[in-house]
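Generate coordinates for the entire structure from the input sequences, incorporating the hints supplied.
Chains as they are written, first to last, in the numbering used here: chain A, 1 to 363; chain B, 1 to 260; chain C, 1 to 123.
I should point out that these hints are in silico values taken from the structure, not numbers from a laboratory. Any given hint might turn out to be false.
[Stated by the list, open to error] Within a straight-line C-alpha distance of at most 16 Å, the following computed EDC-like cross-link-like pairs (lysine to aspartate or glutamate) qualify:
no.: 1; chain 1: A; residue 1: K234; chain 2: A; residue 2: E210
no.: 2; chain 1: C; residue 1: K115; chain 2: B; residue 2: D162
no.: 3; chain 1: A; residue 1: K191; chain 2: A; residue 2: E210
no.: 4; chain 1: A; residue 1: K246; chain 2: A; residue 2: E187
no.: 5; chain 1: B; residue 1: K90; chain 2: C; residue 2: D35
no.: 6; chain 1: B; residue 1: K99; chain 2: C; residue 2: D9
no.: 7; chain 1: B; residue 1: K90; chain 2: A; residue 2: E171
no.: 8; chain 1: A; residue 1: K69; chain 2: B; residue 2: D80
no.: 9; chain 1: B; residue 1: K166; chain 2: C; residue 2: D35
These are the residues of each chain, in order.
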Amino acid sequence: MEGLFFNVNNGYIEGIVRGYRNSLLTGQHYSNLTQCETIDDVKLQLAPAYGDFLGALPPNPSTSALAGKMTDKLVAEFRYLLAQATGSTARFLEYLTYGYMIDNIALLITGTLHERDTRELLERCHPLGWFETLPVLCVATNIEELYNSVLIETPLAGYFKGSLSHQDLDELNIEIVRNTLYKNYLEDFYKFITTHSDLKGTPTQEVMAEILEFEADRRAINITLNSFGTELSKQERRKLYPEFGKLYPEGSLMLSRADDIEAVALAVSISADYKAFFDAVGLTQGGSGIGGMGGNSDGKSLEDLFYQKEMEMSKIVFTRQFTPAVVYAWMRLKEQEIRNITWISECIAQNQKERIGNFISVF
Amino acid sequence: MSGAVGREAVFPTRQSLGLMKGKLKGAEIGHSLLKRKSEALTKRFRDITRRIDEAKRKMGRVMQIAAFSLAEVSYAVGGDIGYQVQESAKQARFRVRAKQENVSGVFLPHFESYTEDSINDFGLTGLGKGGQQVQRCRETYARAVETLVELASLQTAFVILDEVIKVVNRRVNAIEHVIIPRTENTIKYINSELDELDREEFYRLKKVSNKKQRDVAAADLEIQASREREAQKQLTGAADKETPDAPDVLGEQEDTDVIF
Amino acid sequence: MAGAVAYKDRQFLAVIGDEDSVTGLLLAGIGHVTDPPEAQRNFLVVDAKTENSTIEKAFQTFTQERNDIAVLLINQHIAERIRYIVDSYSEAFPAVLEIPSKDHPYDPEKDSVLKRVRRLFGE
Chain A
1 MEGLFFNVNN GYIEGIVRGY RNSLLTGQHY SNLTQCETID DVKLQLAPAY
51 GDFLGALPPN PSTSALAGKM TDKLVAEFRY LLAQATGSTA RFLEYLTYGY
101 MIDNIALLIT GTLHERDTRE LLERCHPLGW FETLPVLCVA TNIEELYNSV
151 LIETPLAGYF KGSLSHQDLD ELNIEIVRNT LYKNYLEDFY KFITTHSDLK
201 GTPTQEVMAE ILEFEADRRA INITLNSFGT ELSKQERRKL YPEFGKLYPE
251 GSLMLSRADD IEAVALAVSI SADYKAFFDA VGLTQGGSGI GGMGGNSDGK
301 SLEDLFYQKE MEMSKIVFTR QFTPAVVYAW MRLKEQEIRN ITWISECIAQ
351 NQKERIGNFI SVF
Chain B
1 MSGAVGREAV FPTRQSLGLM KGKLKGAEIG HSLLKRKSEA LTKRFRDITR
51 RIDEAKRKMG RVMQIAAFSL AEVSYAVGGD IGYQVQESAK QARFRVRAKQ
101 ENVSGVFLPH FESYTEDSIN DFGLTGLGKG GQQVQRCRET YARAVETLVE
151 LASLQTAFVI LDEVIKVVNR RVNAIEHVII PRTENTIKYI NSELDELDRE
201 EFYRLKKVSN KKQRDVAAAD LEIQASRERE AQKQLTGAAD KETPDAPDVL
251 GEQEDTDVIF
Chain C
1 MAGAVAYKDR QFLAVIGDED SVTGLLLAGI GHVTDPPEAQ RNFLVVDAKT
51 ENSTIEKAFQ TFTQERNDIA VLLINQHIAE RIRYIVDSYS EAFPAVLEIP
101 SKDHPYDPEK DSVLKRVRRL FGE
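Written out as structure tokens, the structure reads:
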């Protein structure tokens, strides 16, 4: 039933996104890219996919300039989709941008805390996390003003309210603020997917719930691993775990009590997927430590495996029809593609060809 | 040489000659000591320059690896952490300590790096994702900076040694080309003056002795003459008397003075 | 000659570089911000828009005004922009070290110290 009227409002968007998906680089493209000798060659190889956007680059551009232009294309395409979307789909797309907004606001908070000119920071903000009232936040000269304007002006107000006060912004490490916001965002997004009347019971709920649960688990695991040896206490850490996902609640509880990598491995072993990851990178044996994470035989780190999993999930989303989740999947794939290309060009620019294959391609 | 160097303004006396000779000896000892110092420093200097050359090349590689690890971070974090890192820097965790090393009387500084483990500004960077890469990148960069610090000590030693060697060489050259020739010149001058005096003295003595000789010769002649006169007188006396009264040699009569 | 006092207090490194170099070096932990009210950072991020005069000023500050800096790291391509100052700098403290950046590999020909090394050996 749910598919019956989907195309009336959202068929165009889905069509466009499927078109975008086809322009994603494939394994063949990547193997061509890895053969390149210079960034100019890379640029040439990318011409069919990125044509106009790369045209303005000077010869042998820096990798960051290249990545910037590729992001521009992603942004332009996403904005087009956003402009076409209506109703719950538009809402869904807006949710996608909130993640970037959190980063932007974290940036502005950092700037305000250190009394920098926040106007300069605007250009550092991620364009996807841009919203009309963002420049207004720059008017704030101290944290309290900023906090108030965030509450009034931004779509993120709900994520601040109740979990962060303006004193918190001042006292807590910006990473904790960011992760608190992100946790609230993920929970809100999850609630939206599972309870909104237009999305409930549709493929969107099914697909997105799985993806978001994965995202939540990934964050929880990462935060736990990365907090070892820092001043982050276990109680504070626990507050940063999103309250859903495959690991929630038992796994989360175990994670919050974990003191070392083995304990984390034990906590995640309730999910076969994560257990497999931990086994693959050899974290269950212990002794390898955080430093040894990237150094195992196939050169994959835990993060790489998470990315790999995310990409595979995103790829599978395209087998479903009648859902805006494809936009989410496409964005993730596209971002990964940009990261891949940046990685490849970085390897080429810095003459580190032996690691060039360390990207993730699912097509 | 002597024209350019000149000599010191001293009275050409034996005393100043003694002084000058002492000075020359001192200068020569100083010269050989400084020369040896300069050679020791230069040896060290060459060693350092060679190591700088190597270290600079090594730095090129190390920094490249470090830059690459940063690329890994931006791959994992999926964004730019530059600004956040800049803003969260508060206290230096990585510091250096300067030590001294004595090379032939020159104090060369040696930087030693150490970390203040209590300070950790970036512990939470990449908390959500990429934390492990950030951690690894920090270690890579810390190692790279250690290399840089090592290179910095070499370079500082290079600059200081360069300066010291220049000064020492200047001294060596000054002693070799100015002080020693000038002292030698002075000695030569004093010697020549003294010689001159000697010659004058000699001439004068000669004159005096000439005069004396002349006087002696005149006196001799006189004695001769008086003796001949005496003999004449005796001859005539013998002709008068067979045995003239031999003069009583032991008598009381006065002898004529004999002047030789 | 630099006496003992001249470098006893020198314990920090300073850096003038592009964003990536500065980020990396800060991650290594060299970043230090002095106490307010006159908070001074020991690093300067240079991009294409940074004026040469700003770089010059930072160089002067790090080399002459501040006496807690032992080593000044500067990206070679940035040193190139104020080459005349870098070349004429001959003090031992702080040591000025030219480092490569990500986009500009190290070129020993341009290094002011290596230039001196070469000159000394008459190459």
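Here is what the structure says about each hint:
Annotation: proposed proximity of K234/A to E210/A is violated, straight-line Cα distance about 27 Å (limit 16 Å). For the proposed pair K115/C and D162/B, the alpha carbon gap of about 13 Å is at most 16 Å, so the pair holds. Note on K191/A and E210/A: the hinted pairing holds, with a Cα-Cα distance of about 13 Å set against a maximum of 16 Å. About 13 Å separates the Cα atoms of K246/A and E187/A, which keeps this hinted pair within 16 Å; it holds.
Our distance criterion of 16 Å between C-alpha atoms is met by K90/B and D35/C, whose separation comes to about 9 Å. Note on K99/B and D9/C: the hinted pairing holds, with a Cα-Cα distance of about 11 Å set against a maximum of 16 Å. As the CA atoms of K90/B and E171/A are separated by approximately 15 Å, the hinted pair is consistent with the 16 Å bound. The suggested pairing of K69/A with D80/B holds, with an alpha-carbon distance near 15 Å, which does not exceed 16 Å.
For the suggested pair K166/B and D35/C, the alpha carbons sit about 41 Å apart, so the restraint of at most 16 Å is broken.
Of the numbered hints given earlier, the model fails hints 1, 9; all others are met.
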